[in-house]
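Listed below are the residues making up each chain.
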Amino acid sequence: MRDEDELRERARKATGKKAALGPDIDLGEYETAPVPHQYLADQELCMVPQAERQRLEMAGVDVTQQTRGGTYFQKDTTVVHCGVKQEGIEVLPIRVALERDEWIRDYYWKLVAVDADKYTAAAELQLHDGYVIRSLPGASSMYPIQACLYLDKDGLQQNVHNIIVAEEDSELHIITGCTTAPGLKRGVHVGISEFFVKRNARLSFTMIHNWAEGVLVRPRSVAQVEEGGLFVNNYICMKPVRSLQMYPTTHLVGEDSVARFYTIVVGSPGSAHDLGGRIYLKGPGSRGEIVSRVISNGGNVIARGHLIGEVAGIRAHLECRGLILNGGVIHAIPELEGRAVGVEMSHEAAVGKIAQEEINYLMSRGLSEDEATSAIVRGFLSVDIEGLPPQLKLEIDRAIEASDKEMM
Amino acid sequence: MLLIEDLQVNIGGRAILKHIDLEIKPGETHVLFGPNGSGKTSLIMAIMGYPQYEVVAGRIVFKGVDITHSPINERAKMGIGMSYQRPPTVHGVKTRQMVHICAGGRPDVDPEELASRLNFASFLDRDINAGFSGGEIKRSELLQLLAQRPDLVLFDEPESGVDLENIALVGEAIAVLLEKEREPGNARAMSQVKRERSKMGLIITHTGFILDYVPADKGYVLYDGVLSCSGNPAEILNWISECGYEECAKCAMKTS
Ligand SMILES: Nc1ncnc2c1ncn2[C@@H]1O[C@H](COP(=O)(O)OP(=O)(O)OP(=O)(O)O)[C@@H](O)[C@H]1O
Ligand SMILES: [Mg+2]
Chain A
16 MRDEDELRER
26 ARKATGKKAA
36 LGPDIDLGEY
46 ETAPVPHQYL
56 ADQELCMVPQ
66 AERQRLEMAG
76 VDVTQQTRGG
86 TYFQKDTTVV
96 HCGVKQEGIE
106 VLPIRVALER
116 DEWIRDYYWK
126 LVAVDADKYT
136 AAAELQLHDG
146 YVIRSLPGAS
156 SMYPIQACLY
166 LDKDGLQQNV
176 HNIIVAEEDS
186 ELHIITGCTT
196 APGLKRGVHV
206 GISEFFVKRN
216 ARLSFTMIHN
226 WAEGVLVRPR
236 SVAQVEEGGL
246 FVNNYICMKP
256 VRSLQMYPTT
266 HLVGEDSVAR
276 FYTIVVGSPG
286 SAHDLGGRIY
296 LKGPGSRGEI
306 VSRVISNGGN
316 VIARGHLIGE
326 VAGIRAHLEC
336 RGLILNGGVI
346 HAIPELEGRA
356 VGVEMSHEAA
366 VGKIAQEEIN
376 YLMSRGLSED
386 EATSAIVRGF
396 LSVDIEGLPP
406 QLKLEIDRAI
416 EASDKEMM
Chain B
55 MLLIEDLQVN
65 IGGRAILKHI
75 DLEIKPGETH
85 VLFGPNGSGK
95 TSLIMAIMGY
105 PQYEVVAGRI
115 VFKGVDITHS
125 PINERAKMGI
135 GMSYQRPPTV
145 HGVKTRQMVH
155 ICAGGRPDVD
165 PEELASRLNF
175 ASFLDRDINA
185 GFSGGEIKRS
195 ELLQLLAQRP
205 DLVLFDEPES
215 GVDLENIALV
225 GEAIAVLLEK
235 EREPGNARAM
245 SQVKRERSKM
255 GLIITHTGFI
265 LDYVPADKGY
275 VLYDGVLSCS
285 GNPAEILNWI
295 SECGYEECAK
305 CAMKTS
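From first to last, the protein sequence lines are chains A and B. Start counting at 1 in the first sequence, then tack on 15, and there's your number in this note's numbering. Start counting at 1 in the second sequence, then tack on 54, and there's your number in this note's numbering.
Since the hints were derived computationally from the structure, they do not count as laboratory data. On a predicted model such as this, the values are computed, not experimentally measured, just so you know. Among the hints, erroneous ones may be present.
These stretches of chain A come out as covered by chain B in the derived footprint (C-beta under 8 Å, 3 or more residues) [said to hold, decoys possible]: (1) 99–106; (2) 374–382.
Label-pair restraints from in silico Cβ distances [unchecked claim]: (3) A:V356 / B:A184: 49 to 55 Å; (4) B:D217 / A:E386: 32 to 38 Å; (5) A:I369 / B:K79: 51 to 57 Å; (6) B:E128 / A:D39: 33 to 39 Å; (7) A:T82 / B:E77: 58 to 64 Å; (8) B:P105 / A:E44: 22 to 28 Å; (9) B:D164 / A:T82: 27 to 33 Å; (10) A:A327 / B:G159: 26 to 32 Å.
The C-beta atom is built at its ideal place from N, Cα and C for all residues, glycine as well.
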């Protein structure tokens, strides 16, 4: 109990603490009172209204669950569906875990500091819910597990805390879709995520954000990867969002552990993104890769990346490419920090436009100028992500495809 | 038919092509020789419609339509295609996708089958031209053209950089594109084959090696932007190697 009291105390002291990056949000303007929603059984999930279903599908949620091994679905503050079909995989609401399972305390706030800023503090003091997904030792998820965090009530501040544990030698694939009800005007999403990749485990986490023009988003996530573990973190955000700031961090503590971050972002008019990835390479032989593809269509995108090499023999690369299509700003900030003799880190960053030569080449094969542009943009956004199951590759392609038309 | 009349082309204000006249009839293949920098690539880029090759006088007529100012894709749609000397890399666009684009929705185009003909199947899932070697670029370009099936094919040094084993594949692919493949054991009269043939070709070559695979009807020397010495391609090649380009360009022999 003393631990819990101490967490609360630290959170209380941080309620006024502004984040290091991103515009400050006045959380007082948003409601946090619980919003009840009806629980949906499997069949009811398939029968959500068409407009809502469309929003869900765009965020990578398969309401039929046919291609998913399990589902966690939270609407506003309430869990509306939670179930798993695969042996060796557990999916449960974090509030249930906190009440029932002692072991969750080994993970809760162990990687993200509760007093990092006012958002982490809010998630402790007014936790709504969140998911715990765990693959047991040696288990492997044949189909990805899906999680959806949905904002339905206008003016709500949704506080979520997720814990993901891939036990030794297990393989776990998760797709998380975050989206809003059609027509939602304003809201805040605060999402804490803590990832634990144990020895020789493989975890892929694909997050598709599909927010709305008046939504403010502050994810806070930290991962830890043990010996021989692999963590693949994909992030896709093709839709407008008023302000999104996050700097997910991974600690490669084990020998030969690997982390790969892939980020695909389109900045639309009125949107401000400040995002990046940070990898601490601490284990001998650990490797890190951060790849981002950013398009600005009139939005403002800051693309950060930070590699910290702490021991000899690590290798890491950071690649940031930006295309300014219809105005806006892309600000790439790649950072390399070597702290030992024998680290190998590199980066490449480029911000530019589509080469006319490439458009002409495709036109000489019969495409119109618009078709050629769109093929090049799609190619620019499609990064080859190793170790991703085909269903997830499909979802990423779909998200890119769907936004393609609006972009031109 | 391709008809070029008194074509003058500038790049950045500098005259690159001067008073070019050229006519390629259906079924004919012509060959273009000329020293480095003489304007050969510029000529076919102008025919393809690249805007930086600014047409300041004259006209280009294809299949009876004046295309002098048509955009590139319209020319492609009308049946003009080219094999590039130095095509750009397009990141994220796979070779396989390029084959589909070239096929323009025609269902009978099988990328695997076409690629295997050019010993190129293992490249289908690579980004187009990314890190391709000189010889690989040539095969990639021909693969795309096999899917596109243009009526007028412009080849920019299709055999340069291709190794001895692949040269036969390249030669055969070009012959297929121009409907000049040898028909084994077919006793049809040559004149009949010629009448059925409608594809046109314009091939830039320094060595003439490609002529071993594709018979050509006519050759020219382009020298300092001026087209001269039209005649039998093999003879022209001989003259060039004996007397050099300059002498060859001086002999303004017109044989037609
Ligand atoms: N974009 C450009 N800007 C300036 N000069 C150019 C440009 N493109 C071509 N040129 C010039 O035009 C002239 C003709 O070039 P072109 O590429 O047509 O030569 P080529 O006959 O194909 O030569 P090669 O045998 O070396 O391929 C050259 O002097 C070249 O430097
Ligand atoms: Mg040339």
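Against the structure, the hints:
1. Remark: the stretch 99–106 of chain A is not confirmed as covered by chain B, as 0 of its residues place a Cβ nearer than 8 Å to a Cβ of that chain, below the required three.
2. Counting residues of the stretch 374–382 of chain A whose beta carbon lies closer than 8 Å to any beta carbon of chain B gives 8, which reaches the threshold of three, so the coverage claim holds.
3. About 34 Å separates the C-beta atoms of V356 of chain A and A184 of chain B, a value inconsistent with the hinted range of 49 to 55 Å.
4. Under the hint 32 to 38 Å, the C-beta atoms of D217 of chain B and E386 of chain A, about 35 Å apart, fit the expected range.
5. Take I369 of chain A and K79 of chain B: their Cβ atoms lie about 39 Å apart, and the range 51 to 57 Å is violated.
6. The hint said 33 to 39 Å for the Cβ distance between E128 of chain B and D39 of chain A, and at roughly 54 Å that hint is violated.
7. Separated by about 60 Å at the C-beta atoms, T82 of chain A and E77 of chain B satisfy the suggested range of 58 to 64 Å.
8. Our hint of 22 to 28 Å for P105 of chain B and E44 of chain A is violated, since their Cβ atoms are close to 53 Å apart.
9. Look at D164 of chain B against T82 of chain A: about 29 Å separates their beta carbons, and that is inside 27 to 33 Å.
10. Distance hint check: the CB atoms of A327 of chain A and G159 of chain B are about 55 Å apart, inconsistent with the given range 26 to 32 Å.
Consistency note: the structure conflicts with the earlier hints numbered 1, 3, 5, 6, 8 and 10.
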